[in-house]
Structures are given as C-alpha cells and as structure tokens.
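K.L.:
Chain residues, written in single-letter form:
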Amino acid sequence: MSRDILYATQSLCPVCLRRLDAYYINDTDGAVLLARTCPEHGEFATCIWPSPLEAPDITPFQKWKVTKTPSYPQDPATDLNQGCPYDCGLCPAHAQHTCHGLLEVTMRCNLACPVCYASAGEGELPKDPSRAAISAMLANLLARSGTCNVQLSGGEPTVREDLPDIIREAKALGFPLVQVNSNGVRLGQDKDYARKLAEAGLDSVYLQWDSLKADVLAYFRGTRVPNLREIKEAALANCAAAGLGVVLVATLVKGVNDQELGDLLRDAVGRGPVVRGLHLQPASYFGRSPVDAVHSPRLTLGHVMQTLASQAPEWIKASDFHPPCCEHSLCSFSAVYARVGKDLELEESVTALHGAESIRAEEGSRVAKAFIARQWSRPGLGSSCCGESRETKQSASLCCGGGQDAFSKFLDKRSADRRFTLSCMAFQDSLSLDIERLRGCCIHIVRPDGRMVPFCAQNMTSLTGIPLYPDRLQEQS
Amino acid sequence: MLRQEQNFAPDHGTWICGRCRVPLEQIKVQALYLQSAFDVTLPRCPKCGMTLIPEYLAEGKMQEVEALVEDK
Numbered sequence: 001m002s003r004d005i006l007y008a009t010q011s012l013c014p015v016c017l018r019r020l021d022a023y024y025i026n027d028t029d030g031a032v033l034l035a036r037t038c039p040e041h042g043e044f045a046t047c048i049w050p051s052p053l054e055a056p057d058i059t060p061f062q063k064w065k066v067t068k069t070p071s072y073p074q075d076p077a078t079d080l081n082q083g084c085p086y087d088c089g090l091c092p093a094h095a096q097h098t099c100h101g102l103l104e105v106t107m108r109c110n111l112a113c114p115v116c117y118a119s120a121g122e123g124e125l126p127k128d129p130s131r132a133a134i135s136a137m138l139a140n141l142l143a144r145s146g147t148c149n150v151q152l153s154g155g156e157p158t159v160r161e162d163l164p165d166i167i168r169e170a171k172a173l174g175f176p177l178v179q180v181n182s183n184g185v186r187l188g189q190d191k192d193y194a195r196k197l198a199e200a201g202l203d204s205v206y207l208q209w210d211s212l213k214a215d216v217l218a219y220f221r222g223t224r225v226p227n228l229r230e231i232k233e234a235a236l237a238n239c240a241a242a243g244l245g246v247v248l249v250a251t252l253v254k255g256v257n258d259q260e261l262g263d264l265l266r267d268a269v270g271r272g273p274v275v276r277g278l279h280l281q282p283a284s285y286f287g288r289s290p291v292d293a294v295h296s297p298r299l300t301l302g303h304v305m306q307t308l309a310s311q312a313p314e315w316i317k318a319s320d321f322h323p324p325c326c327e328h329s330l331c332s333f334s335a336v337y338a339r340v341g342k343d344l345e346l347e348e349s350v351t352a353l354h355g356a357e358s359i360r361a362e363e364g365s366r367v368a369k370a371f372i373a374r375q376w377s378r379p380g381l382g383s384s385c386c387g388e389s390r391e392t393k394q395s396a397s398l399c400c401g402g403g404q405d406a407f408s409k410f411l412d413k414r415s416a417d418r419r420f421t422l423s424c425m426a427f428q429d430s431l432s433l434d435i436e437r438l439r440g441c442c443i444h445i446v447r448p449d450g451r452m453v454p455f456c457a458q459n460m461t462s463l464t465g466i467p468l469y470p471d472r473l474q475e476q477s
Numbered sequence: 001m002l003r004q005e006q007n008f009a010p011d012h013g014t015w016i017c018g019r020c021r022v023p024l025e026q027i028k029v030q031a032l033y034l035q036s037a038f039d040v041t042l043p044r045c046p047k048c049g050m051t052l053i054p055e056y057l058a059e060g061k062m063q064e065v066e067a068l069v070e071d072k
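The listed protein sequences correspond, in order, to chains A and B.
Each residue of the first sequence is one higher than the one before, starting from 1 at the first, in our numbering.
Each residue of the second sequence is one higher than the one before, starting from 1 at the first, in our numbering.
The set of hints was computed from the structure by calculation and includes no laboratory data.
Please note: incorrect hints may appear among the correct ones.
[Claimed, not checked] Among chain A residues calculated to face chain B with C-beta under 8 angstroms, some are:
#, residue
1, A200
2, A370
3, R374
4, D405
5, F407
6, F410
7, L411
8, R414
9, S462
10, I466
[Claimed, not checked] Restraint ranges, calculated between C-beta atoms of paired labels, are given here:
#, chain 1, residue 1, chain 2, residue 2, range
11, A, E362, B, G49, 32 to 42 angstroms
12, A, T147, B, H12, 24 to 34 angstroms
13, A, Y72, B, Y56, 31 to 41 angstroms
[What the hints assert, rightly or not] A few chain A residues that don't get close to chain B, going by computed Cβ distances all over 12 angstroms:
#, residue
14, R3
15, R186
16, T223
17, E230
18, S415
Positions of the beta carbon are idealized from the N, C-alpha and C atoms, including for glycine.
Given only the sequences and the hints, what does the whole structure look like? Please build it.
P.N.:
Printed below as a string of structure tokens:
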C-alpha cells in the first residue's frame with residue numbers, strides 16, 4: 001500500500017471478521033478505496049468514492065466529509081470489552097443516538113428474494129418474537145432512545161396477523177413515525193389491508209420498488225409470486241386510498257437497474273403526494289445475493305449521485321445532494337425538492353441546513369428524526385392556512401388561496417405534500433466496513449435479547465456467510 | 001376576504017406591557033429565523049417594542065414553520 005493515505009480508520013477482514021487498521025487511499029484514477037491487509041487472508045481494497053473521470057460533477061471525497069461531535073448513549077446496554085464492532089448493544093463508545101429503531105418482527109417472508117440482506121424466508125427460520133417480546137422491545141427502545149422513529153421490518157412484517165396490534169401499541173407509546181418495511185405483496189393482494197394498518201395508526205410504508213420492468217424485478221425478487229409488478233401497483237394504490245405515506249425503495253445493482261434511475265424518479269414524482277420520496281440502496285453484500293461481492297463493480301454514493309444527475313438532468317444537479325446530519329457522511333446523501341404546478345413536478349432543491357463542516361451529533365439526530373417523521377408520514381397532515389386539517393383536502397391543491405399570512409404561505413410552499421425527498425443509503429458490508437461509520441450509525445436494530453445493534457453490524461456477514469451477530473431473534477434467557 | 005390568521009391576536013383578554021404599563025397593539029413585525037423572514041401582525045408594546053407571541057401561534061403554525069426551516 002504505497003499510495004497516498006487520505007486518512008486512517010479501522011475495518012474488518014471480510015473473510016475472518018478480525019479488526020484491522022484500514023486506510024482511505026487514492027487509486028491511480030483518483031477513485032477512493034478503503035484498503036487493509038489481513039495477515040491471514042491478504043489485502044482487500046474496496047471502492048468507496050468514484051474517480052472524477054467517472055463522476056465529474058459530484059463533490060470530491062475530501063469535501064464531502066462532515067465531522068460530528070459524538071453523543072454517547074446515556075444508558076449503554078453493553079460494556080466496552082472487545083471494542084467496536086464486537087460489543088454492540090449499544091456500548092458506551094457508540095457516537096450517535098437512535099434516529100430509527102428497527103424491530104424485526106418475523107423472519108418469515110412470502111417472497112424469499114434472491115437478494116435479501118436478512119436472508120429471510122428460507123431455510124430453518126427462528127420463531128417469531130412473541131407479542132410480549134415485542135412489547136418489551138418497544139419499551140426498551142423508548143427507555144433507551146426516547147420517541148425516535150420506528151420501522152417494523154423482518155422478514156416480511158405483513159405475514160404476522162397481529163401487525164395492526166403492534167402498530168397500535170407503538171403509536172400509543174408516542175413514537176412519532178411508525179413505518180412498515182414491506183414487499184407490498186399482502187398490501188396489493190388484500191384490498192382492505194392498507195386501511196386496517198392505517199386505522200391502527202400506521203404512518204408510512206417503506207415499499208420495495210426496485211424496477212418498473214417485470215424481468216428486472218424478477219432478478220431481485222424471484223418468481224415465487226407471479227404478476228409481482230401489478231401487485232406492487234395495487235399495493236401503492238391501496239396505500240394511497242388508505243391515506244398512508246409511501247417511500248419507494250429501490251435496491252440497486254450495477255448493470256441491472258442503475259440505468260433505470262431517471263425513469264424510477266420520474267415515475268415516483270408522477271404519482272403525487274402519496275409518494276413522499278424515492279430512497280435508493282446500492283446492494284450490500286450480506287445475506288443472500290447473486291452477485292460476486294469481491295469482483296463486481298460497486299455502486300457508491302458518488303456513482304448514484306452522478307447517475308441521477310445524468311439521467312434526470314431536467315430536475316437534478318449533482319450539487320443538490322448533501323451529506324446527512326445524523327448518520328456518518330459516507331453512509332447516505334439526500335436532497336429535498338419543492339414540487340410545483342398541478343403535476344407537482346420537481347423544482348429547486350429547498351434544503352436549508354447543510355453545508356456545515358462540523359455539527360453536534362445530538363443536534364443532527366434531533367433534526368433528522370423530526371424531518372423523517374414529517375416527510376415520510378401520510379400526506380395531508382398538519383394545519384392549513386385556514387386552520388382546517390388538510391387531511392380531507394386534496395393535498396396537491398392550495399388551501400385558501402388568497403389572504404394568507406406569511407407563515408401560511410411558507411407552509412403551503414414547503415409543506416411535506418409539496419416536497420419530495422431523493423435519498424440514498426450505502427449500507428456497509430464486510431468489504432466496505434469503516435468502524436468510524438459504524439460508531440456513528442443511527443439506525444439500530446432492537447433485538448429481543450435487549451440489545452440494540454447498528455443495522456450494518458447486525459446484518460454483517462463474512463464473505464463465507466458467517467454472521468458477526470448471530471441469533472438475531474433470540475429472546476433473553 | 002381577509003382571514004383572522006393574518007392578524008395574530010392574543011389568545012384571550014387584554015394584554016398590558018409589564019414594563020411600560022400600556023396596552024399592546026396589533027403591529028406589523030418581522031419574525032426572523034435562520035435565513036427566513038416573515039412579516040406578521042402581532043401584539044406589541046408601542047413604547048418598548050416587546051412582542052407577544054400568542055400560545056396558539058407559538059405551538060402551532062410557528063412551530064411547524066420552525067421545523068421546516070430547520071430541515072436537513
């Protein structure tokens with residue numbers, strides 16, 4: 001490793017998961033690699049930021065980074081013992097609060113996709129956590145992380161018949177945003193199901209939405225359920241009819257659906273305020289994946305920003321995107337757009353608070369939690385200029401029109417219904433793991449054993465499939 | 001039709017400035033937050049300029065605006 005070191009961190013050997021010193025270095029073409037050498041398994045170097053030749057319009061790696069003043073858990077559940085990433089629970093050295101608490105309510109799945117970070121729905125599956133265990137998980141989350149946002153995930157959470165009761169319980173505890181992460185099969189096939197979840201208090205659906213093409217969808221989701229494309233359309237329509245907010249989520253694999261990004265965006269925007277945003281997730285190599293993790297080209301945040309700007313130049317500039325204020329800057333990007341006209345097309349990027357080189361982790365977490373709760377929620381909430389609830393109004397239309405005060409005019413222009421978020425999260429796998437990023441993670445999986453483990457640590461598997469944190473649904477003995 | 005919300009009156013009763021002992025008047029003021037400015041009419045002391053933000057406004061529309069201005 002004779003190339004210039006940009007800065008040092010720590011990572012893991014992707015084969016044996018031992019902790020190693022690691023370095024961000026420039027490749028010969030200017031791309032940024034995360035490199036480390038395992039004494040047993042050799043050198044590994046993974047692309048983290050694209051070359052300026054590949055992505056000329058994006059912010060350079062060194063200027064993208066935001067320094068955060070850490071904020072540690074007030075009540076850590078585990079001790080510092082072997083050090084990061086082996087003590088997650090959260091441990092006293094974890095540097096960020098919970099923005100999203102994620103509860104895996106089942107490992108069963110009605111799709112069992114070829115691409116699945118949780119390896120759900122196939123093989124010997126753990127028993128679903130009992131209702132009592134889920135109540136304890138929610139209580140634990142509330143006690144340790146306060147009223148953060150909650151995502152019910154899995155597996156496919158809609159295979160649990162008591163999902164509405166779980167939603168009701170989470171809302172009664174005061175969590176501001178309760179969201180279900182779903183493949184949309186039940187939501188599409190059972191016309192009344194979205195309404196039942198909405199009546200239970202559900203705010204938002206994180207809807208798997210990888211492609212508009214049936215064959216590409218089959219690559220990601222298999223062929224177990226025929227007409228999946230049509231079922232997903234029905235799921236979105238049912239969510240809209242039930243008044244739920246929907247975030248469309250696409251897993252991205254280079255050469256499979258990255259050339260479809262512009263079309264996915266135009267389609268998402270064209271569906272109106274029910275779709276609160278498009279969220280992109282370059283595939284990470286943990287769990288089940290048909291891709292050769294070591295040799296396949298990786299889609300980094302920079303690649304996705306450049307691709308969006310190239311494929312939807314009518315709306316998107318690479319300079320619209322900014323690093324997150326909550327999680328580590330190499331974990332995600334986002335942009336918020338104003339929607340204009342009767343077709344709610346995207347106008348300018350309206351993000352107000354970014355560009356800071358350094359922020360307090362705690363403040364970043366507070367702002368991000370509140371933003372997500374507002375933006376990803378059901379359309380039409382919040383007061384309108386005439387003081388009436390917007391709930392019964394067509395969200396796309398203006399409220400009273402004339403006679404508004406300055407606050408109301410601002411709210412009308414900038415309300416969640418008139419905004420669209422475009423975001424991307426780069427999960428870390430054993431090839432891309434940076435321990436500094438993991439310590440700054442704000443998405444925590446709440447386990448039945450009382451631990452809360454950062455998302456990427458919980459899902460981390462070695463290249464040979466050995467999990468860093470096994471027994472994910474094991475209850476406390 | 002001008003709506004009542006354009007003129008943010010006190011929640012109830014008549015308010016008097018504690019320092020100047022004069023009744024507050026509905027006066028146009030500019031509320032500034034981060035890079036945004038809002039022209040609104042609020043109860044204000046005509047002598048010292050102390051301005052009352054009614055509770056319904058502080059906990060309602062103004063809080064919503066504040067949150068939006070702070071968006072990440």
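K.L.:
So, for every hint listed, does it hold in this structure?
P.N.:
Hints versus structure:
1. Proximity of A200 (chain A) to chain B is violated relative to the hint, the smallest CB-CB distance being about 25 angstroms (cut-off 8 angstroms).
2. Restraint check, A370 (chain A) versus chain B: the minimum CB separation of about 6 angstroms is within 8 angstroms; hint holds.
3. Among the interface hints, the one on R374 (chain A) holds; its C-beta lies about 7 angstroms from the nearest C-beta in chain B, closer than the 8 angstroms criterion.
4. The beta carbon of D405 (chain A) comes within 5 angstroms of a beta carbon in chain B, closer than 8 angstroms, and the hint placing it at the interface holds.
5. Look at F407 (chain A): its Cβ gets to within about 5 angstroms of chain B, closer than 8 angstroms, so that hint holds up.
6. Residue-level restraint check for F410 (chain A) holds (minimum Cβ-Cβ distance to chain B is 6 angstroms; threshold 8 angstroms).
7. About 6 angstroms separates the beta-carbon of L411 (chain A) from the nearest beta-carbon of chain B, less than 8 angstroms, and the hint is met.
8. Interface restraint check: R414 (chain A) against chain B, minimum CB-CB distance 5 angstroms, threshold 8 angstroms, status holds.
9. For S462 (chain A), the shortest C-beta to C-beta distance to chain B is roughly 34 angstroms, which exceeds 8 angstroms, and the interface hint is violated.
10. Taking 8 angstroms as the C-beta cut-off, the interface hint given for I466 (chain A) is violated, the closest approach to chain B being about 36 angstroms.
11. Between E362 (chain A) and G49 (chain B) the beta carbons are some 34 angstroms apart, a value that agrees with the proposed interval 32 to 42 angstroms.
12. The given range of 24 to 34 angstroms is respected by T147 (chain A) and H12 (chain B), whose C-beta atoms sit roughly 31 angstroms from each other.
13. The hinted range of 31 to 41 angstroms is satisfied by Y72 (chain A) and Y56 (chain B), whose Cβ atoms lie roughly 38 angstroms apart.
14. Distance check on R3 (chain A): its Cβ is at least 34 angstroms (rounded) from any Cβ of chain B, clearing the 12 angstroms threshold; non-interface status holds.
15. Against chain B, the non-interface label of R186 (chain A) holds: every CB pair exceeds 12 angstroms, the least being about 32 angstroms.
16. Residue-level check passed: T223 (chain A) sits 39 angstroms from the nearest beta carbon of chain B, beyond 12 angstroms.
17. With 12 angstroms as the threshold on Cβ separation, the claim that E230 (chain A) sits away from chain B holds: the shortest Cβ distance comes to roughly 35 angstroms.
18. For S415 (chain A), the requirement that its beta carbon stay farther than 12 angstroms from each beta carbon of chain B is not met, with the minimum near 8 angstroms.
Hints 1, 9, 10 and 18, counting from the list given before, are not met by this structure.
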